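Assemble the whole structure, with the sequences as input and the hints as a guide.
Listed below are the residues making up each chain.
There are 2 protein chains.
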Amino acid sequence: MEPVPGALLTDLYQLAMIQAYLDSGQTDTAVFEFFVRKVPPQRNFLMAAGLEQALDYLENLRFSAAELDWLGKTGRFNARLIDYLANFRFSGEIHAMPEGTLFFQNEPILRVTAPLPQAQLVETRLINILQYQTLVASKAARMVLIAPGKLLVDFGLRRAHGADAGLMAARASYIAGFAGTATLLAEKVFGIPTYGTMAHSFIQSFDDEAEAFEAFARARPQNLTLLIDTYDTEAAARKVVALAPRLKQSGIAVQAVRIDSGDLTVLAKSVRAILDAGGLGDTGIFVSGGIDEDTLATFAREKAPIDGIGIGTSLVTSSDAPALDCAYKLQEYAGFPRRKRSTGKATWPGRKQVWRRCDREGRMMSDILSTENDAHEGKTLIHPVMAGGRRIGPYPSLHDIRAHARRELARLPGAIDSPVSYPVQVSQSLGQLAAAADRRSDLLEARP
Amino acid sequence: MEPVPGALLTDLYQLAMIQAYLDSGQTDTAVFEFFVRKVPPQRNFLMAAGLEQALDYLENLRFSAAELDWLGKTGRFNARLIDYLANFRFSGEIHAMPEGTLFFQNEPILRVTAPLPQAQLVETRLINILQYQTLVASKAARMVLIAPGKLLVDFGLRRAHGADAGLMAARASYIAGFAGTATLLAEKVFGIPTYGTMAHSFIQSFDDEAEAFEAFARARPQNLTLLIDTYDTEAAARKVVALAPRLKQSGIAVQAVRIDSGDLTVLAKSVRAILDAGGLGDTGIFVSGGIDEDTLATFAREKAPIDGIGIGTSLVTSSDAPALDCAYKLQEYAGFPRRKRSTGKATWPGRKQVWRRCDREGRMMSDILSTENDAHEGKTLIHPVMAGGRRIGPYPSLHDIRAHARRELARLPGAIDSPVSYPVQVSQSLGQLAAAADRRSDLLEARP
Numbered sequence: 021m022e023p024v025p026g027a028l029l030t031d032l033y034q035l036a037m038i039q040a041y042l043d044s045g046q047t048d049t050a051v052f053e054f055f056v057r058k059v060p061p062q063r064n065f066l067m068a069a070g071l072e073q074a075l076d077y078l079e080n081l082r083f084s085a086a087e088l089d090w091l092g093k094t095g096r097f098n099a100r101l102i103d104y105l106a107n108f109r110f111s112g113e114i115h116a117m118p119e120g121t122l123f124f125q126n127e128p129i130l131r132v133t134a135p136l137p138q139a140q141l142v143e144t145r146l147i148n149i150l151q152y153q154t155l156v157a158s159k160a161a162r163m164v165l166i167a168p169g170k171l172l173v174d175f176g177l178r179r180a181h182g183a184d185a186g187l188m189a190a191r192a193s194y195i196a197g198f199a200g201t202a203t204l205l206a207e208k209v210f211g212i213p214t215y216g217t218m219a220h221s222f223i224q225s226f227d228d229e230a231e232a233f234e235a236f237a238r239a240r241p242q243n244l245t246l247l248i249d250t251y252d253t254e255a256a257a258r259k260v261v262a263l264a265p266r267l268k269q270s271g272i273a274v275q276a277v278r279i280d281s282g283d284l285t286v287l288a289k290s291v292r293a294i295l296d297a298g299g300l301g302d303t304g305i306f307v308s309g310g311i312d313e314d315t316l317a318t319f320a321r322e323k324a325p326i327d328g329i330g331i332g333t334s335l336v337t338s339s340d341a342p343a344l345d346c347a348y349k350l351q352e353y354a355g356f357p358r359r360k361r362s363t364g365k366a367t368w369p370g371r372k373q374v375w376r377r378c379d380r381e382g383r384m385m386s387d388i389l390s391t392e393n394d395a396h397e398g399k400t401l402i403h404p405v406m407a408g409g410r411r412i413g414p415y416p417s418l419h420d421i422r423a424h425a426r427r428e429l430a431r432l433p434g435a436i437d438s439p440v441s442y443p444v445q446v447s448q449s450l451g452q453l454a455a456a457a458d459r460r461s462d463l464l465e466a467r468p
Numbered sequence: 021m022e023p024v025p026g027a028l029l030t031d032l033y034q035l036a037m038i039q040a041y042l043d044s045g046q047t048d049t050a051v052f053e054f055f056v057r058k059v060p061p062q063r064n065f066l067m068a069a070g071l072e073q074a075l076d077y078l079e080n081l082r083f084s085a086a087e088l089d090w091l092g093k094t095g096r097f098n099a100r101l102i103d104y105l106a107n108f109r110f111s112g113e114i115h116a117m118p119e120g121t122l123f124f125q126n127e128p129i130l131r132v133t134a135p136l137p138q139a140q141l142v143e144t145r146l147i148n149i150l151q152y153q154t155l156v157a158s159k160a161a162r163m164v165l166i167a168p169g170k171l172l173v174d175f176g177l178r179r180a181h182g183a184d185a186g187l188m189a190a191r192a193s194y195i196a197g198f199a200g201t202a203t204l205l206a207e208k209v210f211g212i213p214t215y216g217t218m219a220h221s222f223i224q225s226f227d228d229e230a231e232a233f234e235a236f237a238r239a240r241p242q243n244l245t246l247l248i249d250t251y252d253t254e255a256a257a258r259k260v261v262a263l264a265p266r267l268k269q270s271g272i273a274v275q276a277v278r279i280d281s282g283d284l285t286v287l288a289k290s291v292r293a294i295l296d297a298g299g300l301g302d303t304g305i306f307v308s309g310g311i312d313e314d315t316l317a318t319f320a321r322e323k324a325p326i327d328g329i330g331i332g333t334s335l336v337t338s339s340d341a342p343a344l345d346c347a348y349k350l351q352e353y354a355g356f357p358r359r360k361r362s363t364g365k366a367t368w369p370g371r372k373q374v375w376r377r378c379d380r381e382g383r384m385m386s387d388i389l390s391t392e393n394d395a396h397e398g399k400t401l402i403h404p405v406m407a408g409g410r411r412i413g414p415y416p417s418l419h420d421i422r423a424h425a426r427r428e429l430a431r432l433p434g435a436i437d438s439p440v441s442y443p444v445q446v447s448q449s450l451g452q453l454a455a456a457a458d459r460r461s462d463l464l465e466a467r468p
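Residue numbers (my numbering), protein chains in the order written: chain A, 21 to 468; chain B, 21 to 468.
Some clues are possibly wrong.
It does not matter which identical chain is meant; a pair holds if it fits inside one copy or across any two.
Said to hold, decoys possible - Taking lysine-lysine pairs in the DSBU-like style, the calculated list, with each CA pair at most 30 Å apart, reads:
no.	residue 1	residue 2
1	K93	K268
2	K208	K323
3	K323	K170
4	K289	K58
5	K289	K268
6	K93	K208
7	K93	K58
In short, the hints are calculated from the structure, not lab data. Keep in mind that this is a model prediction, so the values were computed, not measured.
Right, here's the structure in full:
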């Protein structure tokens with residue numbers, strides 16, 4: 021696979037605007053914030069993810085000689101722009117919520133403070149990185165909450181939207197509490213535990229299902245999981261029972277069977293009975309196939325004897341909400357707060373902070389969205405993570421991010437999945453700043 | 021951005037199965053086909069895309085020394101597997117529908133014929149490549165059909181699921197008939213025309229909207245499009261009218277204005293009137309913001325004076341159907357047809373062909389799904405594209421693929437978007453092959 025060059029993976033208009041900024045001397049400090057305007061319908065929270073890849077991108081963004089040459093040859097850009105890009109290094113500051121933090125509508129999870137052309141240039145790919153991992157972590161967190169104690173595994177690579185999505189879905193779902201992934205590269209790149217069973221093609225390539233089971237068991241004795249739904253699920257479960265003693269003599273245990281089709285609760289119950297009666301009480305049941313958080317809730321309600329679940333499409337595409345209504349907006353330029361006022365898309369201006377209040381048991385009660393230097397009750401969620409284009413301190417390990425996410429989920433109020441949404445209050449200071457920004461706009465507008 | 025290594029971007033179980041295949045001598049010729057089980061609800065056709073990247077992947081798939089070393093160190097795989105991967109070259113045959121071809125449920129768009137371990141190894145990434153581009157081309161084709169004569173542009177990179185999706189969405193939508201994309205890299209990699217305007221941040225960074233328009237116009241005079249909805253859309257349109265004569269003196273024409281929020285039809289009509297009254301009858305109106313094919317239908321119904329449309333999220337996430345119910349299934353092994361018989365997921369076995377009958381005007385009437393060597397009326401859709409692991413002949417240019425897609429869309433029967441689905445008939449020969457496969461299974465099953 022050809023590597024995707026990062027610097028040109030952006031919208032044409034970013035370079036057009038930078039050229040115009042340079043030509044007109046608009047190079048003062050700009051502040052942009054990335055936030056989600058609305059939590060998707062039927063959701064009550066989001067989980068921040070993707071910051072590490074965003075910082076990687078900012079630290080490593082360079083234009084190669086070949087890229088500059090190509091840009092020059094398009095005939096679209098002047099020498100000043102090409103020179104600027106040739107020397108480009110991101111030198112700004114980043115403030116952000118730690119990955120794994122829960123957040124709500126209008127709360128920024130990342131703030132960029134940098135000379136305007138720099139902050140503009142990074143817009144497209146920053147959104148591309150943050151949106152997707154946040155989308156998947158938020159979806160995965162719902163599944164984790166609904167299926168406590170179950171082994172949840174990302175099976176989504178094949179239905180993910182391309183290579184990058186497949187890899188990043190493994191990371192984001194692991195942060196949210198999944199046990200691991202089937203994607204091998206995620207183990208190599210991120211150290212995420214991988215899980216794997218077998219495909220129907222394996223069974224079908226043998227003339228005999230039991231023969232296929234035995235061949236696989238002998239070739240791959242560790243963590244043995246046998247796929248039993250290729251022909252007749254219950255008959256296959258009985259074949260596993262018949263095979264198990266012979267495997268045991270070779271020191272091989274059937275750790276689990278997997279069911280990938282049919283009524284999974286009904287089949288899990290009958291297979292559980294067959295395994296138990298056959299002395300395979302320790303053999304788990306793993307299921308997969310079109311599962312989302314509603315299916316997981318059904319399993320719980322129906323008391324399906326299911327130990328592990330492979331989840332693909334609904335996780336990696338966030339099928340009920342395949343995108344977030346997110347934005348990266350200019351909040352301040354050259355020391356003055358800015359905001360868009362257009363219909364339905366007005367935003368809060370200025371550098372912001374989020375304050376979270378919890379009750380005595382540590383449960384989240386409410387947030388306040390304020391200007392950066394306000395003082396409110398609760399703890400602040402946005403912290404500096406990059407200065408002068410370099411990270412501040414070592415980045416937390418994936419293990420630590422995951423532990424933080426787990427603590428966050430434990431703080432959710434009980435009714436978080438109800439139609440009542442979590443209260444996010446806008447501070448008086450922010451209201452005043454918005455009014456000041458609008459007054460300034462109106463005054464400038466009224467100039468002769 | 022770190023390049024994503026291709027060979028390990030797969031499911032763990034593929035390597036586990038290959039080890040078991042090698043250990044048990046299951047290395048005969050296998051035939052797998054990729055198809056979609058069901059066309060998504062509210063859709064009546066799909067458009068094949070992604071074949072070129074699939075063939076690139078197959079031709080270039082290698083395991084690097086570093087990857088093999090890492091695989092060895094996981095302790096999961098034996099020396100036979102590592103040796104096999106070290107020498108891996110895809111040497112099989114590929115048959116496929118040309119990109120841009122319309123297809124329906126159960127019709128394979130790609131067939132792999134190769135030694136079983138090879139055909140198994142490529143499963144995950146082949147699905148990952150074909151599914152996504154097919155998804156986007158199919159969505160884009162609906163938009164193209166609904167908005168004939170409009171300039172449609174892919175604006176989706178930021179909301180796409182990662183880097184790869186952003187780039188490939190540009191390609192797939194261009195195949196389906198989009199005029200181009202905002203994604204600069206798509207121009208460099210694929211030669212797709214790029215389009216770009218400006219962001220609200222550009223306007224907001226200036227104290228004065230008209231000043232921002234003029235600065236941008238002077239810095240980027242070619243194909244000038246001004247974004248007019250940052251504060252008050254109609255007021256901004258009047259500013260454009262006021263500015264235009266001064267720009268004209270410098271030889272700069274305002275090619276279009278862009279509106280990104282509010283009631284787009286209403287605003288387009290009032291802006292059209294302002295522009296026309298101001299002598300800017302040649303200045304087009306470009307809109308964007310949360311648009312999908314239903315919005316496009318509304319524009320047409322309301323006779324909105326809109327010339328071009330930027331479409332992002334709904335296109336690149338295929339928002340109404342963010343995944344296809346697709347599969348890559350073993351159809352034949354060692355000369356015998358195979359099929360999965362499990363509940364709700366039974367498949368047609370063997371190597372297949374699709375025959376398409378058209379009426380005298382060239383309109384599609386019906387398809388027949390048959391075994392490979394059947395003879396039926398109509399033209400065949402599946403052709404050889406790779407033999408011995410190498411492409412047969414030069415691959416068609418993107419221009420030619422796009423022309424093919426345009427011809428395909430012109431062949432759609434008028435009622436294609438009605439609830440009545442296009443008839444795909446299963447040939448007698450295929451029914452007989454399925455029955456034979458089942459009889460053979462049953463016989464083998466009944467062995468003592």
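Quiz item: For which of the previously enumerated hints does the structure constitute a violation, in increasing order of number?
Solution: 2 and 7
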